[in-house]
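Trainee: The residues making up each chain are set out below.
Protein chains: 2
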Amino acid sequence: RPLNKVLFFPSKVACLEHLFSPKTARSCFCPLPHGVETSFSRLLRHLLSASSSLDLCVFSFSNMDLSRAVLLLHQKGVTIRVLGDKDYSAITGSQIGVLRKAGICVRCDSGSVHMHHKFAVVDGRLLITGSLNWTLQAVQSNRENILITDEAELVQPFIEEFHRLWALNDPA
Amino acid sequence: RPLNKVLFFPSKVACLEHLFSPKTARSCFCPLPHGVETSFSRLLRHLLSASSSLDLCVFSFSNMDLSRAVLLLHQKGVTIRVLGDKDYSAITGSQIGVLRKAGICVRCDSGSVHMHHKFAVVDGRLLITGSLNWTLQAVQSNRENILITDEAELVQPFIEEFHRLWALNDPA
Ligand SMILES: [Zn+2]
Ligand SMILES: [Zn+2]
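Just so you know, the protein sequences line up as chains H and G, in that order. No gaps in the numbering here: position 40 of the first sequence is 40 in my numbering, and each next residue is one more. No gaps in the numbering here: position 129 of the second sequence is 129 in my numbering, and each next residue is one more.
For the record, the hints were derived by calculation from the structure and aren't laboratory data. Ideal placement from N, C-alpha and C gives every residue a C-beta, glycine not left out. Hints are supplied without guarantee of correctness; some may be wrong.
[As the list claims (entries may be wrong)] Using C-beta positions, here's what the derived DEER-type ranges look like:
#1 G:E37 - H:L168: 20 to 28 Å
#2 H:Q75 - G:Q140: 38 to 46 Å
#3 H:H34 - G:E153: 27 to 35 Å
#4 G:P2 - H:S49: 19 to 27 Å
#5 H:T24 - G:P2: 42 to 50 Å
#6 G:Q75 - H:K76: 16 to 24 Å
#7 G:E160 - H:H34: 24 to 32 Å
[To be verified] Some chain H residues well away from chain G (every beta-carbon gap over 12 Å; in silico):
#8 R68
#9 L71
#10 L165
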């Protein structure tokens, strides 16, 4: 049975520590609400479910929690490829440079006015896409949507487009 | 069998006249290519398939062809509701004022930093959503995606979110 989910934002703000370090989270004393599922915690949960690969194609990427999630997957040995927008990647607060320094494979699109996608493909089978840029404002302040699906008819074209854009922006 | 389609942009530029006036299009002598299907012509075709209702929730709306399509549906008696972003709707080139003057029901969202959605629901059964803003640049210059589906699990949440936002922004 196919997975089809929709998440709407802005998300409630809640502690996300349990998603990153399940062992120590019980002792988290931060002031945020604990034990609360939000649109954002659901989004992170689906990203963190990656066990072999994560392909990201994102216009803007400044959200620290999303960056932490990607770095955590990288540490776990998940193969990560990030395709960003050439202009946005240079902006203050962009996490693209942080990911690159951590050893993650990053390319910037230079063949269009803007690379405006905001999608992720998890393990070559789960598509996460929508209006949401990977920024704090998008998550906490804007009205946004994220659609999560493993329908092959929807996932496959995104996989192919990622491969096409990845090859197109090979710096070599 | 469910409909699941993905369109990628930028779109090739081609004459769209046949979509708007099928009778006279045969005699179009504009300099654009004719008889060519593009991502944009497919998007317009799905929008123009509306026979009873069209609910639009769009951050920015300046594209003249999309505006022409919505006005044509309005003339045909399709019930149209447009929810826009409060800041963007006031910007030069926005078609929101044009639609309002034509008698289409328009509301502007004022309860968030940005109403960043870009989705349409056709006849309460077909969802059109993605990264694409309804501008000329998005269609012709940016890398963008549009997902078209009639999967109830995906369409229904967007219908409910539209109703919620529409009621929330009732000016009365
Ligand atoms: Zn905490
Ligand atoms: Zn023509």
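Trainee: All hints are to be evaluated individually against the structure, with a verdict given for each.
Mentor: So, going through the hints one by one against the coordinates:
Under the hint 20 to 28 Å, the C-beta atoms of G:E37 and H:L168, about 23 Å apart, fit the expected range. One distance hint, 38 to 46 Å for the beta-carbon pair H:Q75 and G:Q140, holds here, with the actual separation near 41 Å. Separation of H:H34 from G:E153 is about 30 Å and conforms to the stated range, judged on CB atoms against 27 to 35 Å. With their beta carbons about 24 Å apart, G:P2 and H:S49 fall inside the hinted range of 19 to 27 Å.
At about 43 Å, the beta-carbon gap between H:T24 and G:P2 stays in the expected band of 42 to 50 Å. Range check, G:Q75 to H:K76: Cβ separation about 57 Å, and the 16 to 24 Å hint is violated. The supplied range of 24 to 32 Å is met by G:E160 and H:H34, whose beta-carbon atoms lie about 28 Å from each other. Annotated as non-interface, H:R68 keeps its C-beta farther than 12 Å from every C-beta of chain G; the closest such distance is 23 Å.
For H:L71, the requirement that its beta carbon stay farther than 12 Å from each beta carbon of chain G is met, with the minimum near 25 Å. Not every C-beta of chain G lies more than 12 Å from that of H:L165, the closest at about 7 Å, which undercuts listing it as non-interface.
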